[in-house]
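Given these sequences and hints, build the entire structure.
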Amino acid sequence: MKKYFPMIKSIVLYTVLTGATVLMSFPLFWMISSSLKTVEETNSPGVVWIPQNPTLEAYTAIFQNQDFLRSYFNSVFYVTLALAGTLISIAAVAYAFSRVDWPGRNVVFFLMLSTMMIPAQALIVPQYVFFNKLDWIGTFNPLIIPGYFAGGAAMIFLLRQSMSQIPKELDESAFVDGVNHIQIWWEIILPLVKAPMATIATFLFVGLWNSLLTPLMYLQTVDLYTLPVYVSTLYNINQTVQPWPTIMTAAVLTTAPLIVVFFFAQRYILESVVVSGLKG
7 MKKYFPMIKS IVLYTVLTGA TVLMSFPLFW MISSSLKTVE ETNSPGVVWI
57 PQNPTLEAYT AIFQNQDFLR SYFNSVFYVT LALAGTLISI AAVAYAFSRV
107 DWPGRNVVFF LMLSTMMIPA QALIVPQYVF FNKLDWIGTF NPLIIPGYFA
157 GGAAMIFLLR QSMSQIPKEL DESAFVDGVN HIQIWWEIIL PLVKAPMATI
207 ATFLFVGLWN SLLTPLMYLQ TVDLYTLPVY VSTLYNINQT VQPWPTIMTA
257 AVLTTAPLIV VFFFAQRYIL ESVVVSGLKG
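Residue numbers (the working numbering): 7 to 286.
Misleading hints may appear alongside valid ones.
[Said to hold, decoys possible] The following label-pair restraints were derived from C-beta to C-beta distances:
1. 245 - 12: 54 to 62 Å
2. 125 - 14: 43 to 51 Å
3. 34 - 141: 35 to 43 Å
4. 182 - 147: 39 to 47 Å
Worth flagging that the hints you see were computed from the coordinates, not collected in a lab.
This structure is a prediction, so every number in the text was calculated from the model and none was measured.
Every residue, glycine too, gets a C-beta built ideally from N, C-alpha and C.
Dropping the structure here:
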């Protein structure tokens, strides 16, 4: 019996993994399938798994829709600026906590980590009042500028842990050569933490790209809508027949950049996990 145990274990493991893969892939399959259906098929009482007469009408219509194209540009615009600023600020703060000795560093680090215990919902009203006083409502500022002040204690913690693993002798040797902290951070430390940086950038990108509540609260103008907000407006509760092919087409095109990013970033994510496991 013992000689069959590894085979049984492998069968069970791969069965579970296959089931999990099918379960997680189903929403994507359903989106793509529904985007190729007609309005009649998507609103029929029965379940139509595969479109009987696949059509690209929804894709043709969505690419001719100026509101969709504008919202796509808005998402790319704000995510690019917010991601760049947030990533640089996180890297700078993580460097200060891991490589620079200054009075009260551990106390400030503890206070920063304690902010993770504050529910995001508790900050919605104070933040809205604050941004309203700055006259930022109806602009991209509330979505972009806060990230430039180190957005996310969890991400800072993860990057700080990675930077702490780098030998301090590198810094000391650089100081002997007359290099300052900014040069050490940019030319020595950042190249050594590419995998954690790519992992953090991926998580930040997903969060920013999928964000619905924050853009919905602060943009308040159709011309500034991002993709998630635009997709949410396609469903009209007052309509009996919903334009599901259009909704699903917009959802597929919204999901596509996420799949592309994960495809190119998976090597760095796996590398980051492996390195963390070895050092742990």
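task: Would you pick out the hints that fail for this structure and give their numbers low to high?
output: Every hint satisfied by this model.
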